[in-house]
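Participant: Residues per chain, in single letters:
Protein chains: 2
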Amino acid sequence: MQVINGTMNLKLQEGSHGIVVKNLYLSCDPYMRSRMTRVEGPNVFTSYSPGSPLTGFGVAKVLDSGHPNFKKGDLIWGTTSWEEYSLITVLEGLFKIEHTDVPLSYYTGILGAVGQLVGQFAKLMGCYVVGSAGSKEKVDLLRNKFGFDEAFNYKEETDLVGALKRSVSSSLFLSVTWYFPEGIDIYFENVGGEMLDAVLLNMKDHGRISVCGQVSQYNILDQPEGVQNLMCLIYKRIHMKGFVVFDYYNIYPKFLDVMLPYIREGKIMYVEDIAEGLESGPAALVGLYSGRNVGKQVVLFARE
Amino acid sequence: MQVINGTMNLKLQEGSHGIVVKNLYLSCDPYMRSRMTRVEGPNVFTSYSPGSPLTGFGVAKVLDSGHPNFKKGDLIWGTTSWEEYSLITVLEGLFKIEHTDVPLSYYTGILGAVGQLVGQFAKLMGCYVVGSAGSKEKVDLLRNKFGFDEAFNYKEETDLVGALKRSVSSSLFLSVTWYFPEGIDIYFENVGGEMLDAVLLNMKDHGRISVCGQVSQYNILDQPEGVQNLMCLIYKRIHMKGFVVFDYYNIYPKFLDVMLPYIREGKIMYVEDIAEGLESGPAALVGLYSGRNVGKQVVLFARE
Numbered sequence: 038m039q040v041i042n043g044t045m046n047l048k049l050q051e052g053s054h055g056i057v058v059k060n061l062y063l064s065c066d067p068y069m070r071s072r073m074t075r076v077e078g079p080n081v082f083t084s085y086s087p088g089s090p091l092t093g094f095g096v097a098k099v100l101d102s103g104h105p106n107f108k109k110g111d112l113i114w115g116t117t118s119w120e121e122y123s124l125i126t127v128l129e130g131l132f133k134i135e136h137t138d139v140p141l142s143y144y145t146g147i148l149g150a151v152g153q154l155v156g157q158f159a160k161l162m163g164c165y166v167v168g169s170a171g172s173k174e175k176v177d178l179l180r181n182k183f184g185f186d187e188a189f190n191y192k193e194e195t196d197l198v199g200a201l202k203r204s205v206s207s208s209l210f211l212s213v214t215w216y217f218p219e220g221i222d223i224y225f226e227n228v229g230g231e232m233l234d235a236v237l238l239n240m241k242d243h244g245r246i247s248v249c250g251q252v253s254q255y256n257i258l259d260q261p262e263g264v265q266n267l268m269c270l271i272y273k274r275i276h277m278k279g280f281v282v283f284d285y286y287n288i289y290p291k292f293l294d295v296m297l298p299y300i301r302e303g304k305i306m307y308v309e310d311i312a313e314g315l316e317s318g319p320a321a322l323v324g325l326y327s328g329r330n331v332g333k334q335v336v337l338f339a340r341e
Numbered sequence: 038m039q040v041i042n043g044t045m046n047l048k049l050q051e052g053s054h055g056i057v058v059k060n061l062y063l064s065c066d067p068y069m070r071s072r073m074t075r076v077e078g079p080n081v082f083t084s085y086s087p088g089s090p091l092t093g094f095g096v097a098k099v100l101d102s103g104h105p106n107f108k109k110g111d112l113i114w115g116t117t118s119w120e121e122y123s124l125i126t127v128l129e130g131l132f133k134i135e136h137t138d139v140p141l142s143y144y145t146g147i148l149g150a151v152g153q154l155v156g157q158f159a160k161l162m163g164c165y166v167v168g169s170a171g172s173k174e175k176v177d178l179l180r181n182k183f184g185f186d187e188a189f190n191y192k193e194e195t196d197l198v199g200a201l202k203r204s205v206s207s208s209l210f211l212s213v214t215w216y217f218p219e220g221i222d223i224y225f226e227n228v229g230g231e232m233l234d235a236v237l238l239n240m241k242d243h244g245r246i247s248v249c250g251q252v253s254q255y256n257i258l259d260q261p262e263g264v265q266n267l268m269c270l271i272y273k274r275i276h277m278k279g280f281v282v283f284d285y286y287n288i289y290p291k292f293l294d295v296m297l298p299y300i301r302e303g304k305i306m307y308v309e310d311i312a313e314g315l316e317s318g319p320a321a322l323v324g325l326y327s328g329r330n331v332g333k334q335v336v337l338f339a340r341e
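Residue numbers (our numbering), protein chains in the order written: chain X, 38 to 341; chain Z, 38 to 341.
No lab work stands behind these hints: they were computed from the structure.
Where chains are identical, the list cannot tell them apart; a pair therefore holds if satisfied intra-copy or between any two copies.
With a straight-line Cα cutoff of 30 Å, these simulated DSS-like cross-link-like pairs (lysine-lysine) come out: (1) Lys98 - Lys108; (2) Lys202 - Lys278; (3) Lys278 - Lys160; (4) Lys291 - Lys278; (5) Lys202 - Lys241; (6) Lys241 - Lys278.
In this text the structure is predicted, and so the values were computed from the model without any measurement.
Chain X extracted, bound-state conformation (with noise of 0.2 Å):
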């Protein structure tokens, strides 16, 4: 790609292996935030350098290849950046959209393993399963599309503890719902901070935690909250796993061959919180850590 007399040039160089891709959907994930503090040591993510484009997930159409893999006019999705145009010189991240009778945004998020996803993967695995959420709307979502058994909104509980376990009463004859009538299974932790002490206190024994964030904890500059159930791990045998989405790269194939289906038939539901151009990123991204949005956010750059 070169930029000559100010005139953008959307051709690659001679001999060039990139490709170059006009950006169609960029994806707002939580785990961008860590990406703008420097961290000591090594770290999964690189951090972000100011005056250069934010990279996060995103779908993109190729313009121009000089990559056998990639040919012009392939949708793909994968690492690229907050661009209208971008060349991408590593390809490892990137992957060809094979299938688009579900919506193209669903690419950037379909991967993201986010909460509402989990809960209906756990809901089609027989699991009972509960969701917390940071206001009446996303808790009637949780409920009501997704299906969960229960869920509640944290923001309004004084008490996570008692939450976790509290007897609600469900109907006129005052019968009893318990949350977790005999602890948590399984807590896909995405919070951490008072949330995770919570969960701690009310685990089964030999639970497990799927550690995917802890997004209460991103926006706090100086140190962050300290958890203080630990010992529960012992008391209770748990299990505690943290993962990150690249690692499991090698079979997207397999999930995309359960996840498509499962679309189409409308057996996963999907929400998205779309906004359009590229001058609402910012204030999108930011909108993550109030939980402004409702449902995926992602920000739609150009369409197709």
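Once you have looked at the hints, place chain Z on chain X.
Facilitator: Below, chain Z alone, put in the same frame as chain X:
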């Protein structure tokens, strides 16, 4: 066991299926502190009752038995009480001692999974082992008697994060030894708090943390120190799992098959700190939390 007219009758009552034992050695273990605080919710350990003897691991001799698995004269180890004689009616936690060519006291500690053994096992399996202890004497033991590759005194470190990766000059020629030049593969967690935080920052990708205890937190009466670096679980895909020794009782015979030859052949060294007499028990137990003991703390109640 009956007390008749102030005289103790060390015979079982007719029809009892329990055993009466004379206690020989009692084990002092850090987890006992947590049993002195009433813990909310279910716990793997029952809390101690004021006015009743402590219970804990011990070695004892059977004086009378109403159970077919035990007979008078048998030596046993398992859960007994801090008193001269005990009536034991719950026999699941008891094991008959078959091998008496190692000191009887070893049976109090050999199952305690104490750090001195863990490090030596790791050495036998070919690991590079660095120990952390609270005095020069203990650091010398780790290095010289137990054969750890390195050891440091955590009480002399003002910067634990640095201590784990810092270079030390090891000869006149200033050759440099790094504790963990590529990070820590396996951490045996028995400390908690600040040490765990320092370790998390120094773990290797896909590292493993076996959570046995958090002794630094047991004596804190209000809130435990929070652990702040759990985000490392994600970045480094760390696997963290708590355990309690009871869950592995079924493989105890297999453990002995491995362990006894190691002890006989001097491949595993074992250091004990034996306090004499029931009356020395409380001080011995309390000493654990300031690290007064050198080696596994045992209380000798009576010689066979």
